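> Here is how the chains run, residue by residue.
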Amino acid sequence: QKEVEQNSGPLSVPEGAIASLNCTYSDRGSQSFFWYRQYSGKSPELIMSIYSNGDKEDGRFTAQLNKASQYVSLLIRDSQPSDSATYLCAVKNDYKLSFGAGTTVTVRA
Amino acid sequence: DTGVSQDPRHKITKRGQNVTFRCDPISEHNRLYWYRQTLGQGPEFLTYFQNEAQLEKSRLLSDRFSAERPKGSFSTLEIQRTEQGDSAMYLCASSPQGFNQPQHFGDGTRLSIL
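Protein sequences, first through last, are from chains A and B. Mapping of the first sequence onto the numbering used here: position 33 corresponds to residue 33, and the numbering continues sequentially without gaps. Count along the second sequence starting at 1, add 109, and that's the number in the numbering used here.
These are calculated hints, taken from the structure and not from any lab test. If you're wondering where the values come from, they're calculated on a predicted model, not measured in any experiment.
Straight-line C-alpha distance at most 20 Å; calculated PhoX-like pairs for lysine-lysine:
1. 67/A - 96/A
2. 166/B - 96/A
3. 42/A - 120/B
All chains should be modelled from the sequences, with the hints used to inform the complete structure.
Okay, structure coming up:
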């Protein structure tokens with residue numbers, strides 16, 4: 001079992017819709033969770049971090065964490081063409097990040 | 110805040126050659142990390158420094174790989190006797206000390222082995 005698994009893509013959504021991304025992790029002791037956005041050929045860019053159960057909102061992004069279910073999600077509201085990218089879920093254990101393979105999102109204009 | 114800087118951005122070399130990459134972290138960050146990313150995969154952890162001390166190395170880091178961070182500032186990653194399988198994006202990240210501090214990534218060095 002992989003440490004971090006993300007829902008397989010690609011995910012195509014129309015402009016203005018909600019994109020929903022899911023991630024599960026295997027280490028129950030994990031404490032810190034991050035979502036990174038990666039444009040093609042570029043490096044990962046941090047967009048959200050979440051440490052406690054529940055929801056955390058930042059602009060059009062909402063991260064949700066459920067430690068009992070070992071589940072993290074990211075919602076992108078009012079999706080824009082500029083949101084088209086690969087989204088990486090990362091789980092921090094001690095000092096290192098373990099990443100999922102990413103979900104590629106395409107926003108159709 | 111100038112961000113994490115990596116050099117070179119691209120490196121093309123022949124199999125068997127040695128290559129060295131450099132990373133300059135965000136100035137106030139004392140933690141520095143190296144990751145490797147191949148196409149269609151998320152980054153994989155390679156090694157971690159706190160100040161000048163290398164505290165962890167992944168089993169992915171074979172004896173052909175060596176990393177240093179003299180004086181706790183910039184870091185170098187050297188690959189000796191490169192192989193085709195070394196072709197990847199090599200990413201450097203840094204963070205301040207602290208349990209929940211996020212890691213910020215540089216633009217990476219893309220290595221291509223001919």
